[in-house]
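The residues making up each chain are set out below.
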Amino acid sequence: MRRVLVWCALLAGALLFTVPMLWTIATALRSQEEIARDPGRLLPEAATLANFPAAWNALPFPTFVANTVFVTLVSTLAQILTGSLVAYGFARFQFRGRNTLFYTMLATMMLPGQVTMIPVFLIWRELGAIDTFAPLTVPAFFGGGAFSIFLLRQFFMSIPRELDEAMLLDGASYLRIWWRLIMPLSTPAVTTVVVFSFIGNWDNFEGPLIYLNSTENYTVSIGLRMFQDSFGTNTGQLMAASLIHIVPTIVLFFAAQRYFVKGVNLSGLGGR
Amino acid sequence: MAARTRRRLTDRPDFWGFLFITPWLIGFLLFTAGPMISSLWLSFQKYNLADSEWVGLENYRRLLWHDPLFWTALRNTLLYALFSVPLGIVGSLAIALLLNQKVRGIPVFRTLFYLPSLVPSVASAILWSWVFNADYGLLNMGLSWVGLPTPQWLQDERWTLPAFVLMSLWGVGGARMIIFLAGLQGISETYYEAARIDGATNAQQFRHVTLPLLSPVMFFNLVLGVIGSFQVFTQAYVMTGGGPNNASLFYALYLFRNAFEYFKLGKASAMAWILFAILLALTLIQFKTSKRWVHYEGGDA
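Protein chains in written order, with this note's numbering: chain A, 182 to 453; chain B, 235 to 535.
To spell it out: a stretch of chain A is covered by chain B in this simulated footprint if at least three of its residues, at any positions, have a beta carbon under 8 Å from a beta carbon of chain B; those stretches are:
(1) 295 to 305
(2) 377 to 389
Cβ-to-Cβ under 8 Å is the rule here; a few derived chain B residues that face chain A:
(3) Pro269
(4) Ser272
(5) Ile329
(6) Thr345
(7) Val353
(8) Pro354
(9) Leu372
(10) Val472
(11) Ala486
(12) Ala493
(13) Leu499
(14) Ala506
(15) Leu509
Keep in mind the hints are simulated off the structure, nothing from the lab. Glycine included, each C-beta is placed from N, C-alpha and C at the ideal position.
Hey, can you work out the whole structure from these sequences and the hints?
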């Protein structure tokens with residue numbers, strides 16, 4: 182009896198959470214005329230894919246996608262490489278000031294981005310990097326943020342040190358241990374950081390809004406906002422354009438899901 | 235700690251450890267510590283990209299005593315936080331509790347609840363503008379179906395903040411829920427067995443076993459939730475632009491406008507430091523009061 186109740190609650194909740202998304206998909210599959218006549222249907226009368234190419238061609242979407250893919254890939258790669266090196270340093274070595282530095286790093290998680298936003302903007306402006314991808318990618322080369330370093334470091338700590346020592350005795354360098362031992366054994370944590378980083382960069386709106394001025398440099402999030410301004414009355418196309426923005430993150434999530442939950446659990450974010 | 239006496243090979247080199255963390259250290263100096271100092275300095279300046287002038291505390295004085303929009307933005311943000319944070323915690327805990335039951339199809343349900351938090355914020359803002367559409371929107375269609383009133387959500391200043399809170403609840407199945415779920419799965423079954431032997435009901439088990447053992451996780455979610463709720467920006471920028479009549483002018487949006495639309499960089503920096511001070515105070519209060527309700531296994535934390 183209890184199980185039936187739990188299952189019904191889960192089903193009702195899941196429906197409630199999925200309906201806005203299903204409705205978006207339904208709207209994207211319908212003609213403007215049909216939407217105007219009867220906006221509420223969850224199943225289109227005559228499903229059509231016409232909104233997708235129409236939205237794709239209305240603005241330079243291929244350019245936006247290429248820009249976003251570039252920024253996202255470079256940042257994600259930089260973040261996982263440098264972030265895991267820093268995490269390795271914090272997890273495996275004793276050095277003066279280590280704990281102070283580690284807690285300083287954790288404290289930066291609580292710092293609102295607005296405090297540094299303006300001076301950082303002025304630095305990039307001074308360097309002539311406004312309307313380039315540098316302000317959106319270069320910061321990722323410096324560890325890529327406290328959260329991912331912390332997550333990786335927690336995971337690295339759970340790998341037995343005897344393995345490091347065995348490799349050291351075989352004459353391996355520390356870099357080799359990081360690349361050959363630590364990274365391969367940390368797939369769940371690495372995947373989790375990659376997923377978070379990818380989504381964070383793909384989703385980023387305020388950064389591109391501040392730094393990118395010309396249309397040919399726009400990312401999808403800024404382009405979508407522009408699309409909303411110019412084609413906002415064509416709901417079907419607007420929803421199709423939004424789905425183009427949504428799909429990559431969902432595909433990535435499904436591909437990585439197996440490791441994802443494990444990564445969060447094992448990193449001690451479960452609280453103890 | 236016995237291992238400390240025998241120095242481990244991997245512990246030896248100071249130099250290597252420091253070398254590995256260097257990327258973060260440089261980034262910290264360039265993008266965090268340095269900018270913090272100069273943003274504090276900027277907050278005492280009248281600065282508009284062309285010329286700067288030292289004005290002392292003038293930016294702060296004007297914000298606090300002569301800028302009604304500052305107070306509007308602060309009020310909106312506080313109200314939003316007051317509702318979205320507790321509701322978000324209760325919602326994500328409820329979902330985590332359901333997903334922690336042993337019934338069929340849990341992985342599918344977990345994915346379905348998580349999906350909304352994968353939707354990029356601009357796409358989600360556009361999607362919700364359509365859901366909140368007063369005439370054609372899904373929400374009002376549902377409300378009129380069950381005979382409830384149908385407000386002009388994003389056009390009526392009385393309903394805009396509730397609309398933003400409602401929208402924030404779409405994300406309760408995300409990271410916060412996963413963290414709760416991980417916390418729940420970390421509670422040893424032996425506690426529940428002991429409670430059952432003592433004759434505890436389900437409700438008592440929840441009250442006296444689950445809640446205390448989950449309190450550190452709840453505290454973590456609370457602290458980060460409060461900080462997050464003060465930074466709502468994208469949705470307000472895309473959906474309402476702060477309107478109608480500044481009903482959705484959130485703090486981060488007003489700060490952004492001062493910085494990058496009006497180019498009052500000194501004033502915006504002062505706003506950033508006021509925000510920092512507020513968040514610091516709120517976090518400290520939470521840490522102080524946490525001693526009363528957060529329970530750490532094995533005594534002190």
